[in-house]
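Peer 1: Here is what each chain is made of, one letter per residue.
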Amino acid sequence: MGGISLRRIGRALLVPALAVITALLIGAVVMLIFGDDPLAAYRGLFSGAFGNGRAWSTTIRKMTPLILTGLSVSVAFKAGLFNIGASGQFLIGTVFSVAVGVSFEGLPIYVHLPLALLAGILGGMLWGAIPGMLKVFTGAHEVIVTIMLNYVGALFAGWTVYAGGTQGQRPGPLWDPTAGAISETADVFPSAQLPWIFGPPYRVHWGVVLALLAAVLIWWLIFRTTVGFEMRTVGQNPRAARYAGMSVSRMVILAMVMAGGLAGLAGAIETLGLNHKFAPEFSGAVGFDGITVALLGQTNPFGVILAAFMLGALDAGAARMQFQSGVAADIIQVIQALVLAFVAAPAIIRQLFRLRRIPEQIEETTLRTSWGG
Amino acid sequence: MSEAAMPVLEARHITKRFPGVVANEDVNLKLYPGEILALLGENGAGKSTLMNIVYGLYKQTEGEIIVRGKPVEMSNPNDAIQLGIGMVFQHFQLVPVMTVAENVMLGSETIKRGLLDTQQVAERITELSQRYGLAVDPYAMVEDLPVGVRQRVEIVKTLYRNADILILDEPTAVLTPQEIDGLFDVMELLRSQGKSIIFITHKLKEVLRISDRIIVLRDGKVVGEADPKTATQSTLAAMMVGREVILTVDKDEAQPGPVVLDMQDVSAKDDHGQPALRNVSLQARAGEIVGVAGVQGNGQSELVEVLTGLRSLDSGRITINGLDMTNAGPRRVTQDGQSCHVPEDRHAYGMVDAYSVAHNLVLNTYFQPPFANGLTVDEQAIRRHAEDLVERYDVRTPNVSVHAANLSGGNQQKMVVAREFSRPVKLLIAAQPTRGIDVGSIEFIHQQIVAKRDEGAAVLLVSAELDEIMALSDRIAVMYKGEIVDIVPRNRATREGLGLLMAGAHSEEPAPVAGKAG
Numbered sequence: 001m002g003g004i005s006l007r008r009i010g011r012a013l014l015v016p017a018l019a020v021i022t023a024l025l026i027g028a029v030v031m032l033i034f035g036d037d038p039l040a041a042y043r044g045l046f047s048g049a050f051g052n053g054r055a056w057s058t059t060i061r062k063m064t065p066l067i068l069t070g071l072s073v074s075v076a077f078k079a080g081l082f083n084i085g086a087s088g089q090f091l092i093g094t095v096f097s098v099a100v101g102v103s104f105e106g107l108p109i110y111v112h113l114p115l116a117l118l119a120g121i122l123g124g125m126l127w128g129a130i131p132g133m134l135k136v137f138t139g140a141h142e143v144i145v146t147i148m149l150n151y152v153g154a155l156f157a158g159w160t161v162y163a164g165g166t167q168g169q170r171p172g173p174l175w176d177p178t179a180g181a182i183s184e185t186a187d188v189f190p191s192a193q194l195p196w197i198f199g200p201p202y203r204v205h206w207g208v209v210l211a212l213l214a215a216v217l218i219w220w221l222i223f224r225t226t227v228g229f230e231m232r233t234v235g236q237n238p239r240a241a242r243y244a245g246m247s248v249s250r251m252v253i254l255a256m257v258m259a260g261g262l263a264g265l266a267g268a269i270e271t272l273g274l275n276h277k278f279a280p281e282f283s284g285a286v287g288f289d290g291i292t293v294a295l296l297g298q299t300n301p302f303g304v305i306l307a308a309f310m311l312g313a314l315d316a317g318a319a320r321m322q323f324q325s326g327v328a329a330d331i332i333q334v335i336q337a338l339v340l341a342f343v344a345a346p347a348i349i350r351q352l353f354r355l356r357r358i359p360e361q362i363e364e365t366t367l368r369t370s371w372g373g
Numbered sequence: 001m002s003e004a005a006m007p008v009l010e011a012r013h014i015t016k017r018f019p020g021v022v023a024n025e026d027v028n029l030k031l032y033p034g035e036i037l038a039l040l041g042e043n044g045a046g047k048s049t050l051m052n053i054v055y056g057l058y059k060q061t062e063g064e065i066i067v068r069g070k071p072v073e074m075s076n077p078n079d080a081i082q083l084g085i086g087m088v089f090q091h092f093q094l095v096p097v098m099t100v101a102e103n104v105m106l107g108s109e110t111i112k113r114g115l116l117d118t119q120q121v122a123e124r125i126t127e128l129s130q131r132y133g134l135a136v137d138p139y140a141m142v143e144d145l146p147v148g149v150r151q152r153v154e155i156v157k158t159l160y161r162n163a164d165i166l167i168l169d170e171p172t173a174v175l176t177p178q179e180i181d182g183l184f185d186v187m188e189l190l191r192s193q194g195k196s197i198i199f200i201t202h203k204l205k206e207v208l209r210i211s212d213r214i215i216v217l218r219d220g221k222v223v224g225e226a227d228p229k230t231a232t233q234s235t236l237a238a239m240m241v242g243r244e245v246i247l248t249v250d251k252d253e254a255q256p257g258p259v260v261l262d263m264q265d266v267s268a269k270d271d272h273g274q275p276a277l278r279n280v281s282l283q284a285r286a287g288e289i290v291g292v293a294g295v296q297g298n299g300q301s302e303l304v305e306v307l308t309g310l311r312s313l314d315s316g317r318i319t320i321n322g323l324d325m326t327n328a329g330p331r332r333v334t335q336d337g338q339s340c341h342v343p344e345d346r347h348a349y350g351m352v353d354a355y356s357v358a359h360n361l362v363l364n365t366y367f368q369p370p371f372a373n374g375l376t377v378d379e380q381a382i383r384r385h386a387e388d389l390v391e392r393y394d395v396r397t398p399n400v401s402v403h404a405a406n407l408s409g410g411n412q413q414k415m416v417v418a419r420e421f422s423r424p425v426k427l428l429i430a431a432q433p434t435r436g437i438d439v440g441s442i443e444f445i446h447q448q449i450v451a452k453r454d455e456g457a458a459v460l461l462v463s464a465e466l467d468e469i470m471a472l473s474d475r476i477a478v479m480y481k482g483e484i485v486d487i488v489p490r491n492r493a494t495r496e497g498l499g500l501l502m503a504g505a506h507s508e509e510p511a512p513v514a515g516k517a518g
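For the record, the sequence lines run as chains A and B. If you're matching positions, the first sequence starts at 1 in the working numbering and goes up one per residue. If you're matching positions, the second sequence starts at 1 in the working numbering and goes up one per residue.
Calculated directly from the structure, the hints in this document are not laboratory data. Careful, some of the hints might be misleading.
Stated by the list, open to error - Ranges between beta-carbon positions, derived for each pair: (1) B:405 to A:216: 28 to 38 Å; (2) B:18 to A:337: 26 to 36 Å; (3) A:216 to B:373: 40 to 50 Å.
Said to hold, decoys possible - Covered stretches of chain A, as calculated for chain B (at least 3 residues, CB under 8 Å): (4) 233 to 245; (5) 322 to 334.
To be verified - Calculated Cβ distances over 12 Å to all of chain A for the following chain B residues: (6) 12; (7) 109; (8) 124; (9) 142; (10) 160; (11) 274; (12) 330; (13) 346; (14) 347; (15) 490; (16) 496.
Yeah, the Cβ is synthetic: ideal placement off N, Cα and C, and Gly gets one too.
Please model the entire structure based on the sequences and the hints provided.
Peer 2: Here it is in structure tokens:
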């Protein structure tokens, strides 16, 4: 399971690596069809992601929230749950951390910043707890509930910064009056901002370290603790878990709370590290990308780091690619979608490359969530 | 049935390889018109694979299938049906909420003016059931039918499609002794009308009783043919297993001690909210094995679930070792109740396929020292524990890190038994402990159960195999429709008597047997 063996790691990496390569190849074919030069495009992509210090810092910046939302989806997966709600949890985490960040002027940074981060985690936890509890107490399927809560979360987040209307509609509680008609919050106080590791123009903040630490912590929790053992057992075979005296309900709620907390932390880090405020345009799309990251990373925390790095690099290089080669940056989304398709349906890759199904699988990550189970 | 006749079905040099496994190797088999051919072998011997090839579900790697003298290529069961081959699976392929007629025509619907012509189908069913002694009501809803009747519907289904080669896969597994008699009558009638039957089973008695010829498979190969007139149970068992097998269990007279398990007037519902247990009272004493017999689906599963904390009671009371365990959870029942549980379905409850053998062996003790110290688990301790148990309980595995899914059924069951039996327990609840496993493992598990009894544990043994109940129990409780109809001391129990009780015939009426489809 968590055991470290090179052969096992190699096996685990095979399908995701081939998925990425295949997606890039198909991307190249699409470019050729539209008369673009894929070589130039990928050269641009590469230099945009790794070409110089600025490029590297963009990759790291894009990678950071993806690690956390990828972990969020992975943790739920380990307990047999499909968390589509990282997006909503991300936004609620953002709103909670901003709320703390714009309040309490004059607190020292070592109190204010942790408080703001914690608020983000708590917000996400709350948003994750709802589908967990609804599943346990009413049997509502978490996929449906998390999808719905994404809308609720986005609308709630938007309302909190609503600038008010001309017909006397009241503005939202977090709206910054100095912004006039623009719906956004004020900047969080500097005491609630994550410090830079490399300041502008690189803009790499300490969030990346927090994300990496979170990955290690989650790995330890899943593979080295009794709670993790229970969670994985529930995910692999809930009936066996019950038989063995574990509480399936407790694990379902706990997994969703943890998943929410991780996505919420992603939101907090993005705001406190980078944007320093919240506006409705800051979408929770990174929450959906968490699904791709989790599947590409085989729901293993270290795999998630690699996958987030991969996707972060694609995002980072897209602008440069368009600038250098004239290929629309949208092709990157096509490639990411193909990656998702291939990791979600590994049979395609196995068939394509004539891979034998290895009898001794690592704990299988499959998109099987039982309806009402 | 003369040997000179041309076989209706022939398998020539059939080999079927799955990645890493040879399921069938150079299998030759001939089926003549109007004969019942028994295909005997343990689970995993390759019987089902072979029949799935004949029925077009699998494609053989090598060899050919010849039907009425012509080599055939089948890509799916429809091809097999066209060739007059019909198969009745162990798990029935019926839609419960449809009528018999609808089920029979499913897949080959008769249509008149754009509508289903149920009437015509019903007439044909009636005609078939009269001709072959298969009493079924075409308009009955399948979900209302007892298991034995559902099986008849399956047979009618194949005859409706004009099958004259019938494959019956473990057809007796779900039947009472009396229902088995009925099935054998039908099989004889079918044979007398020229149909050929392949009867797949691992039950030696039945093979000797009904078949004209016996082919024994072991490890995917035909190891021999036997004539039921000269073969005996022990010669057949030796052929199946490849060595001499002791078919009886050696045990001394029970020395019952104080009551360990006490159930009083327990009632509970099944998954569909229907009453499954009605006022069940049962006791088990230290040092005795209480067998619970009954046709599957008469409340035995619910009985075990209620006792092990997996199902809640509507009313009644359960005490274990004097502690009130009414509606206690599984953890409390195993810990405070000092009990262990071999579940009836090891894949559903007893093990996690994707876990290593080592982790499966601590599935319900992972949180205790030495496997865990506070928050973290100690993989070293778990591994040492596993290596010890694998050795003591003869679990054949390359090492303890292998995924449990890769073990054979018998070894998986021994793994579950090892985990449960290795704890010091006062109550042992074993449900279908030897279902679907090889004779060697059965022998071993039976010995372990008797050993547990002799150590002073109370044993509750629930089994659908009457032979197993008879061989091990000191007292036998028989369940019918959620009630315990009688409790008989072993020395006063006979197969026939138990069979009647299993059919609910406490009041002499030959009642049909209710049950759930598999």
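Peer 1: Look at each hint and say if it fits the structure.
Peer 2: Evaluation of the provided hints:
Between residue 405 of chain B and residue 216 of chain A the beta carbon distance is about 30 Å. The supplied range of 28 to 38 Å therefore holds. Checked against the given bound of 26 to 36 Å, the beta carbons of residue 18 of chain B and residue 337 of chain A, roughly 35 Å apart, stay inside it. Between residue 216 of chain A and residue 373 of chain B the beta carbon distance is about 20 Å. The supplied range of 40 to 50 Å is therefore violated. With a cut-off of 8 Å between beta carbons, the segment 233 to 245 of chain A has 9 residues touching chain B; three or more are needed, and the interface restraint holds.
For the segment 322 to 334 of chain A, the stated coverage by chain B is not satisfied: 0 residues place a CB nearer than 8 Å to a CB of that chain, which falls below the threshold of 3. Distance to chain A confirms residue 12 of chain B as a non-interface residue, since its nearest Cβ pair spans about 29 Å, more than 12 Å. Against the 12 Å criterion, residue 109 of chain B stays outside the reach of chain A, whose nearest CB is about 29 Å from its own CB. No Cβ of chain A approaches the Cβ of residue 124 of chain B within 12 Å, the least distance being about 38 Å, so the stated non-interface status holds.
Its beta-carbon lying about 24 Å from the closest one in chain A, residue 142 of chain B satisfies the requirement of being farther than 12 Å from that chain. The non-interface label for residue 160 of chain B is consistent with chain A: the shortest C-beta to C-beta separation is roughly 34 Å, beyond 12 Å. The claim that residue 274 of chain B is not at the interface with chain A holds, since no C-beta of that chain comes within 12 Å of its own (minimum 19 Å). The non-interface label for residue 330 of chain B is inconsistent with chain A: the shortest C-beta to C-beta separation is roughly 4 Å, within 12 Å.
With a cut of 12 Å on Cβ distances, residue 346 of chain B falls inside the contact zone with chain A, its closest approach being about 9 Å. The beta carbon of residue 347 of chain B sits about 8 Å from the closest Cβ of chain A, which is not more than 12 Å, so the claim that it is off the interface is violated. No Cβ of chain A comes within 12 Å of the Cβ of residue 490 of chain B; the nearest lies about 30 Å off, and the non-interface call holds. Consistency note on residue 496 of chain B: stated as away from chain A, and its beta-carbon is indeed over 12 Å from all of that chain's, at 36 Å minimum.
Hints 3, 5, 12, 13 and 14, counting from the list given before, are not met by this structure.
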